[in-house]
Amino acid sequence: MPSSQAPPIGATALDPTALRPPIDDAAIERITPADLLARLSALKASGYTMLLDVGAVDYLERIPRYDVVYHLLNIAADAATVGAVGKPRRVRLLVGVPHDALEVPSAVDLWPNANWPEREVFDLFGIRFSGHPDLRRIQMPDDWEGHPLRKDYPLRGPATEMTPRPAFALKSNVAAGTPASGKTAAALQRQIAAARAGGIAPAAHEAVAAAQSGTTSSSATTAGIASAKELAERPINLKTDSNEKS
Amino acid sequence: MSVLPDSIAMDVVEHTNNRMVLSMGPQHPSTHGVLQVITEIEGEVITKAEPEIGYLHTGIEKSAENLFWTQASTVIERMDYLSPLSNAMAYILAVEQLLGVSAEIPERAQQVRVLLCELSRIASHCVWLGTGGIDLGAISTFFYSFDLRERILDLNEFAGGARMHPNYLRIGGLNGDLPTGFLDKLDIVIDMYEPRMREMRNLLQKNPIFQDRTIDVGILTAEESLAWGITGPTLRAAGVAYDVRKAFPYSGYENYEFDVPTRTEGDAYARFLVRLDEMDEAMRIIRQIRKNLVGGPVTVADTKFSTPPKETIALSMEALIHHFKIVSESFRVPPGDVYQPVEGPRGELGYYLVSNGDNRPWRVRTRPASLYNLQVLKKIAVGELIADMVVMIGSLDPVFGEVDR
Chain W
1 MPSSQAPPIG
11 ATALDPTALR
21 PPIDDAAIER
31 ITPADLLARL
41 SALKASGYTM
51 LLDVGAVDYL
61 ERIPRYDVVY
71 HLLNIAADAA
81 TVGAVGKPRR
91 VRLLVGVPHD
101 ALEVPSAVDL
111 WPNANWPERE
121 VFDLFGIRFS
131 GHPDLRRIQM
141 PDDWEGHPLR
151 KDYPLRGPAT
161 EMTPRPAFAL
171 KSNVAAGTPA
181 SGKTAAALQR
191 QIAAARAGGI
201 APAAHEAVAA
211 AQSGTTSSSA
221 TTAGIASAKE
231 LAERPINLKT
241 DSNEKS
Chain B
247 MSVLPDSIAM
257 DVVEHTNNRM
267 VLSMGPQHPS
277 THGVLQVITE
287 IEGEVITKAE
297 PEIGYLHTGI
307 EKSAENLFWT
317 QASTVIERMD
327 YLSPLSNAMA
337 YILAVEQLLG
347 VSAEIPERAQ
357 QVRVLLCELS
367 RIASHCVWLG
377 TGGIDLGAIS
387 TFFYSFDLRE
397 RILDLNEFAG
407 GARMHPNYLR
417 IGGLNGDLPT
427 GFLDKLDIVI
437 DMYEPRMREM
447 RNLLQKNPIF
457 QDRTIDVGIL
467 TAEESLAWGI
477 TGPTLRAAGV
487 AYDVRKAFPY
497 SGYENYEFDV
507 PTRTEGDAYA
517 RFLVRLDEMD
527 EAMRIIRQIR
537 KNLVGGPVTV
547 ADTKFSTPPK
557 ETIALSMEAL
567 IHHFKIVSES
577 FRVPPGDVYQ
587 PVEGPRGELG
597 YYLVSNGDNR
607 PWRVRTRPAS
617 LYNLQVLKKI
627 AVGELIADMV
637 VMIGSLDPVF
647 GEVDR
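In the order they appear, the protein sequences are chains W and B. The numbers in our numbering rise by one with no breaks, and the one at position 122 of the first sequence is 122. Heads up, our numbering is the position in the second sequence plus 246, with the first residue counted as 1.
A couple of the hints might just be wrong.
[To be verified] Within a straight-line C-alpha distance of at most 25 Å, the following computed BS3-like cross-link-like pairs (lysine-lysine) qualify:
id, chain 1, residue 1, chain 2, residue 2
1, W, Lys87, W, Lys44
2, W, Lys87, B, Lys492
3, B, Lys537, B, Lys431
4, W, Lys44, B, Lys624
5, B, Lys550, B, Lys537
6, B, Lys571, B, Lys556
7, B, Lys625, W, Lys44
8, B, Lys492, B, Lys537
9, B, Lys294, B, Lys625
10, B, Lys294, B, Lys624
11, B, Lys492, W, Lys44
[What the hints assert, rightly or not] Across the chosen pairs, the derived CB separations fall in these ranges:
id, chain 1, residue 1, chain 2, residue 2, range
12, W, Ala34, B, Pro580, 31 to 37 Å
13, B, Ser348, W, Ile28, 16 to 22 Å
14, W, Ser130, B, Glu403, 47 to 53 Å
15, B, Asp548, W, Ile28, 27 to 33 Å
16, B, Glu469, W, Asp35, 22 to 28 Å
17, W, Ala34, B, Glu350, 42 to 48 Å
If you're looking for bench data, these hints aren't it; they were derived computationally from the structure. By construction, the Cβ of each residue, glycine as well, lies at the ideal position given by its N, Cα and C atoms.
Isolated chain W, as found in the complex (with noise of 0.2 Å):
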């Protein structure tokens, strides 16, 4: 039984397109990115006057690995004849792109609503879109490293220990290996101030043995653990790494 925590990385990345049972949804068309600004403005010109979504699709092994779908509507209504809707219809554009060269021309002069879409995309696949007026992060901080919604991005985030806050560094030592039991907060600080003034606290040994044998590197930091040799260096208060450095 598989848990169903398990990012399906290993899962074939065939082509589901192509093997797509009849659904009659949309026209699908499959284009290159050089040819797309000129398939839009055609269909925009032909009635397609509305630009519903761009998404995209990761399919890791595939080439090309990424697909950018645009999915277009004509609802028939232009200003002569507001309130009379025809039966509409909806295409939708597949357009591959390589890993190795993430670019799509945008298509915001054409639609002012592919500006959000498009940094949607961008933050979380890392395809850039030439032209687009204001290509930045839209959901993940401006500071983030990778994009999430690739397929080969863990479930859980980059398994790097990130600078820990404050509220959680005494939570952060008990996970390196201090017993939980019999140990108070103040007996933590105790410890830590006694490793910080020479020697390693005699209940972090067993850690720093551990990290030894099992890593090469003892800075090495496994799925959240920092190593007692970095916790000894580490300030009690923890006011910021970075002051330190610099």
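Based on the hints, put chain B in the right spot on chain W.
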């Protein structure tokens, strides 16, 4: 998510006149969630506005890719948390299209789905009406509309076990038949709707202060709405009668009589009136379903992807096996991609699903109506008064669970 965008910050340096930059939100009570709008104002007039989103990004699309097809609908219901059933409806219809069982869904299941979706449309518009009134200082409407909403949430709880996220719609039908006594409770809501709605209309519709604050504020024309991808009541208030329920009928909407209310003014007051009329139309659909509700099963017969009825599990070995298989490893969905929209309370809410034949979705892409509706704020806010910013945000009715996902 950002601090000051460069474009606005540069202007502050260049212009040495009276312009100033004002950051509104993300913790402002009238932004209906966590929205930051960085505005540049000259006196009280907005000269530039840049909405910043992403403060509620929870990675629901990524989570859904890592869950079974059956489990994903629970997180998907949490996107638009004011009308969770619309989200579930769109996702489930899309999966059923991939499975090729859309035509086999029993009629009773389709009717109950529409019934609950229209109820949740009313419940969602109740929040918009109540909080929209509070934005303008009209506090009483809030209590009236939330009372009506509470009754509808009680119905959700009675049917699905939870008030906000009942997870009652399932792939292949429903979680179970409606409980005994549901229709009696529904009748109480139907009976109280008319007088309650009249009270709420009396409080706001002819209110001169409310009209002063909303008429000619945040005007969007039909062409602009189409260019900006606006859907739902905001589009219909500009005069375009596009409604997914009429244009691409799903789940039996072609069987019901209802109108698509439109206005031509395109201002905040027109959006207010369109939403009120839409609530009446939703109640009209509910009455028709109440009158013509058919009997019969509520799930497809194939228990390979629809959990067998609970009472058969203790009696039938096969039912037990199927139940165990669905819960423990779900089922495989044929490879393909599909785009399925529904008419949510905010507009066209679509799901673009990609399956690679596995028991988890390969990609779940939402077409969020709120995101596109909110994006136009940077256009309609220019030239308006800073005090009307909350009116415009309220009239676009964004839900940030859906904008940020």
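Outcome of the hint check:
| no. | hint | result |
| --- | --- | --- |
| 1 | W:Lys87 x W:Lys44 | holds (17 Å) |
| 2 | W:Lys87 x B:Lys492 | holds (9 Å) |
| 3 | B:Lys537 x B:Lys431 | holds (14 Å) |
| 4 | W:Lys44 x B:Lys624 | holds (23 Å) |
| 5 | B:Lys550 x B:Lys537 | violated (33 Å) |
| 6 | B:Lys571 x B:Lys556 | holds (15 Å) |
| 7 | B:Lys625 x W:Lys44 | holds (21 Å) |
| 8 | B:Lys492 x B:Lys537 | holds (21 Å) |
| 9 | B:Lys294 x B:Lys625 | holds (8 Å) |
| 10 | B:Lys294 x B:Lys624 | holds (7 Å) |
| 11 | B:Lys492 x W:Lys44 | holds (23 Å) |
| 12 | W:Ala34 x B:Pro580: 31 to 37 Å | holds (32 Å) |
| 13 | B:Ser348 x W:Ile28: 16 to 22 Å | holds (18 Å) |
| 14 | W:Ser130 x B:Glu403: 47 to 53 Å | holds (51 Å) |
| 15 | B:Asp548 x W:Ile28: 27 to 33 Å | holds (28 Å) |
| 16 | B:Glu469 x W:Asp35: 22 to 28 Å | holds (27 Å) |
| 17 | W:Ala34 x B:Glu350: 42 to 48 Å | holds (43 Å) |
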